[in-house]
Each structure stands twice: as structure tokens, then as C-alpha cells.
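**Student:** Sequence:
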Amino acid sequence: MSGLTRRLTVGLVGQGLWRVAVALNAVLLVPVLIAKWGVELYGQWMTMAALVSYLAYANLGLVATASNDLIMAGGAQDLARAQRSFQMSYNLALLPFPAILAALVGIAALLPFGGWLNLTDIPHSSLLLILGLGALQLTFETLRGFTAAVLYCTGSYGIAYNIAAGAKLIELASAILAVGVLGAGPVQLAALGAAVAFLDLSVVTWQARKAAPWARLDLRAWDWRWLRDQMKPALGFSCYNFATQGVLLQGPRLVLGAFLGGSAVAIYAVYATAMRLVDQLFLSLMAPVGVEISHAAGRGDSGQVLRLLAVVTQLSLLALLCVTLLLLGLGPIIFDIWTHQRIEFLHGLMALYLLMSAASLPGRIAAQVLISVNAMRSIAVATLAIALAAITLAAGLVQSFGLPGVLIGGIIGDAAISILVIVALNRWLGLSFNRLAREIGNIRASATQVLAHARVLLGRQEGRT
410 MSGLTRRLTV GLVGQGLWRV AVALNAVLLV PVLIAKWGVE LYGQWMTMAA
460 LVSYLAYANL GLVATASNDL IMAGGAQDLA RAQRSFQMSY NLALLPFPAI
510 LAALVGIAAL LPFGGWLNLT DIPHSSLLLI LGLGALQLTF ETLRGFTAAV
560 LYCTGSYGIA YNIAAGAKLI ELASAILAVG VLGAGPVQLA ALGAAVAFLD
610 LSVVTWQARK AAPWARLDLR AWDWRWLRDQ MKPALGFSCY NFATQGVLLQ
660 GPRLVLGAFL GGSAVAIYAV YATAMRLVDQ LFLSLMAPVG VEISHAAGRG
710 DSGQVLRLLA VVTQLSLLAL LCVTLLLLGL GPIIFDIWTH QRIEFLHGLM
760 ALYLLMSAAS LPGRIAAQVL ISVNAMRSIA VATLAIALAA ITLAAGLVQS
810 FGLPGVLIGG IIGDAAISIL VIVALNRWLG LSFNRLAREI GNIRASATQV
860 LAHARVLLGR QEGRT
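Residue 410 is where the sequence shown starts when you use my numbering, and the numbers rise one by one after that.
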């Protein structure tokens with residue numbers, strides 16, 4: 410079996426296990442939280458989760474870009490560059506980032522944001538504790554991201570993904586026990602998340618030290634030229650991520666919380682959780698492939714980048730079709746059991762969510778390729794401008810149309826961003842749109858390639874037995 414096939418197989422299996430764990434964490438917690446807290450408090454918790462997610466932008470996107478730089482250095486066999494990227498990344502995550510997070514939490518303490526977002530069931534002191542614990546969890550996750558990049562650099566995808574899957578399953582079991590049996594509240598659940606993030610970081614660090622002796626902490630290693638070079642693609646990634654995740658994904662929760670309250674946020678969150686099946690399938694494919702794209706870009710192999718892009722696009726569209734048929738066919742039964750009959754399944758509402766996912770998927774695939782090679786900066790500002798215009802439209806529509814108004818704004822924003830990112834990808838690849846479309850439409854070639862790799866894998870396993 411070729412090194413690429415082996416790494417992708419291990420990566421897909423490991424990533425698949427992690428994504429299953431993430432999906433289970435989201436799906437199985439919904440009925441527990443709704444049953445124990447009620448729809449209103451559950452919605453307010455999801456509003457706070459959205460607010461906490463904005464703290465992640467304090468790292469300015471350096472987790473993704475520095476990790477990609479480290480992986481590309483590994484692909485080029487430049488260990489000195491990889492070590493510099495690791496040490497600088499870790500130093501930033503240990504010193505400036507926590508200080509920025511602490512300052513943001515301190516500013517939040519002076520603001521009546523609970524009243525702005527109708528968080529009436531959670532005291533202000535508890536809201537600040539949730540923010541503080543979220544900042545602590547984010548610090549651990551940032552360090553974990555840089556450390557896991559060392560494992561990706563050495564081709565050890567499976568180890569990093571398996572550890573993450575184990576951590577998510579531990580978090581899920583602990584959360585169900587804490588809330589369902591012990592009656593824990595939002596603050597305790599936030600503390601649990603931070604504790605599991607620390608455990609995850611500890612295990613990944615142990616594995617990285619074994620896999621890469623050069624990945625060692627050095628607080629004296631400061632390279633301002635490296636930081637300047639990384640900030641350019643980092644700001645591009647951060648703008649794109651803020652536009653798609655911060656504005657278009659989390660923004661509707663804040664809009665709904667401010668205008669309609671926790672119950673509306675709960676409905677939005679439950680439907681969005683159902684749609685995460687598409688996200689998890691897509692990310693299971695894209696995470697290991699994205700690493701290989703970084704490797705290929707480091708070698709200057711644009712043909713390999715195009716082949717990987719075509720396979721991911723085909724499999725992602727197939728996953729979207731399967732999830733669409735599943736949700737539209739069995740949605741009413743699933744929702745009745747899942748939410749204890751407290752949130753009704755509406756085919757029209759789910760159709761809007763599916764349309765929003767379909768509008769965003771092409772752009773997400775193209776964006777992941779550009780992110781993997783640190784080439785998002787050129788369209789970052791335009792992406793953010795589109796997202797802000799879309800959420801502004803959604804805020805205007807929500808007063809007349811309720812939740813569907815928010816979704817309509819999201820669909821328009823996702824579609825516009827997808828067009829923008831696909832055009833940028835075509836320019837980066839130096840190909841015409843027709844060539845890219847032909848490669849993606851060549852399902853037979855992709856199927857032949859996948860079957861060939863599968864035969865090699867099965868033959869190897871039979872040889873071992």
C-alpha cells in the first residue's frame with residue numbers, strides 16, 4: 410500500500426471515529442438537557458455557547474495557518490522550519506493569547522450582555538464563570554491544536570484523531586451523568602468541558618513528544634519575521650472563519666436570543682444539530698485530505714491537489730443527498746423521540762436548513778483547499794462583508810418572518826460566499842472552471858481509484874492473516 414493510501418485510510422478511520430464522537434456528543438446531550446433544564450434554559454445555554462465561541466477569534470486564526478505551515482515544512486523535509494513554527498506557535502498560545510482572553514472576559518464583566526440576549530434564567534455571575542471557563546477551555550484547545558499539528562506533520566493522523574474521539578466520549582458520558590443524574594447546571598457543564606480539554610491536551614502532548622523529538626518548548630524562541638509572515642494568511646483564515654462560523658452559524662443564535670428569546674434559539678439549535686450530520690461527514694473526509702493537500706502543495710504537486718479535491722467534492726455531495734433523504738423521511742419520528750415531543754418537526758423548516766447546507770457546501774470544500782495552503786487572504790474581507798450583510802438582512806427579516814427569516818438570510822450569504830471562494834480556488838489552481846467541473850464530474854475515474862486503493866488495502870490485510 411502506498412504511503413498516501415495508508416495515511417488517508419488511517420486518517421479517515423480516525424477522523425470518522427472522532428466525528429462520530431462529536432456527533433454523539435451533540436445529539437445525545439440534546440434530550441438530556443431539554444429534559445432536565447427545559448427548552449428555555451437549553452436555548453439560553455446555546456446562546457452562551459455561541460457567545461463563548463467568539464473568544465476563539467482572539468488567536469487571530471494562527472492555529473490553522475501555523476499548523477499548515479508546520480505540515481508543509483514536514484512535507485518539504487524542512488525540520489528546522491517545522492521546529493520554528495511549533496515553538497513560536499506554542500509560545501504565543503502560552504503567553505499573549507491567555508492575556509487577551511482574560512481581558513475580553515474582564516470587559517464582558519462590565520457589560521449587561523445577559524439582558525441584551527434575554528439570558529434571564531442564568532445569573533450574571535454564572536454567565537461570567539461560563540465565559541471564564543470557556544476561555545480556559547479555549548486555551549487548552551489552542552495548545553492542543555499546535556501539538557496535534559506535530560502528529561499530522563509526522564503522518565500520525567490516527568493517533569491524534571483517536572485521542573480526540575476518546576476525549577469526546579469521556580466528555581459525553583460525564584455530561585450525561587452530571588446533568589442527568591447529579592442535576593448539574595450550566596456552570597458545572599462548562600467546567601467539565603475545560604477539564605476534558607486539559608486531559609486531551611495532556612495525552613496529545615505525550616504522544617507528540619514520542620513522535621517528534623524536535624518538538625520541544627523553548628520560551629526564548631521568538632521570531633518576529635515568522636509572526637509577520639504568518640499573520641497575513643492567519644488574518645485571511647480568521648476573517649473567513651469569522652464570516653462563516655461566527656457570523657452565519659453562531660450569529661443567528663444571538664439574533665434570535667435578542668429578538669425572540671431562548672425558546673427560539675433552542676429550536677434553531679436542534680434543527681442545526683440535526684444538520685451537523687452533513688458537517689461531520691464532510692469534515693471526516695476533509696481533515697485528513699486537507700493535510701495531504703498541504704503536503705502536496707509543499708511538494709508543488711498541483712495535480713494531486715486537484716485529484717483530492719474532486720474525490721472530496723463527490724463524496725460530500727453524496728453524503729448531503731443521503732442525509733437529506735434520511736431527515737425528510739424520518740424527521741418527524743426522530744424529533745418526537747429526540748426532543749421528548751417538545752420541538753415539532755416541520756418539513757418546510759428542515760428544507761430551508763438543507764438548502765442552506767447545500768448552498769454552503771461548495772464554498773466550504775473550496776475554502777478548505779485554500780486554507781490548507783494558506784491562500785485565503787485575498788478574499789477574506791469580501792467574505793466577511795457578505796456575511797455581515799447577510800446577518801443584517803436576517804435581523805431585519807426575523808421580526809416579520811421569525812426563524813425562517815434568519816435562515817433565508819443565511820442561504821443568501823452562504824450562496825454568495827460559495828461563488829466567491831470557488832472563483833478564488835480556480836485562480837489559485839490556474840484552471841478554468843470547466844476543467845475543474847470535468848474533474849469533479851468524472852465519477853468513474855474517482856471510483857476506479859478508490860476501488861484500486863481498497864483492493865490494495867484488503868489484499869494487504871489478507872496477507873497479514
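These are calculated hints, taken from the structure and not from any lab test. Small disclaimer: the values here were computed from a predicted structure and weren't measured. All C-beta atoms in this analysis are idealised placements derived from N, C-alpha and C, irrespective of residue type, glycine included. Mixed in with the good hints, there may be bad ones.
[To be verified] Here are the in silico distance ranges between beta carbons for each label pair:
(1) L513 with A798: 20 to 28 Å
(2) V429 with R634: 39 to 47 Å
(3) W623 with T801: 22 to 30 Å
(4) P741 with L513: 25 to 33 Å
**Student:** Compare the structure with each hint and give your call.
**Tutor:** Do the hints match the structure? See the list:
Taken as a hint, the range 20 to 28 Å holds for the pair L513 and A798, whose Cβ atoms sit roughly 26 Å apart. Between V429 and R634 the CB atoms are about 42 Å apart, so this pair conforms to the stated range of 39 to 47 Å. For W623 and T801, the Cβ-Cβ distance of about 48 Å falls outside the hinted range of 22 to 30 Å, so the restraint is violated. At roughly 42 Å, the beta-carbon separation of P741 and L513 lies outside the given 25 to 33 Å, and the hint is violated.
When each numbered hint is compared with the structure, violations occur for hints 3 and 4.
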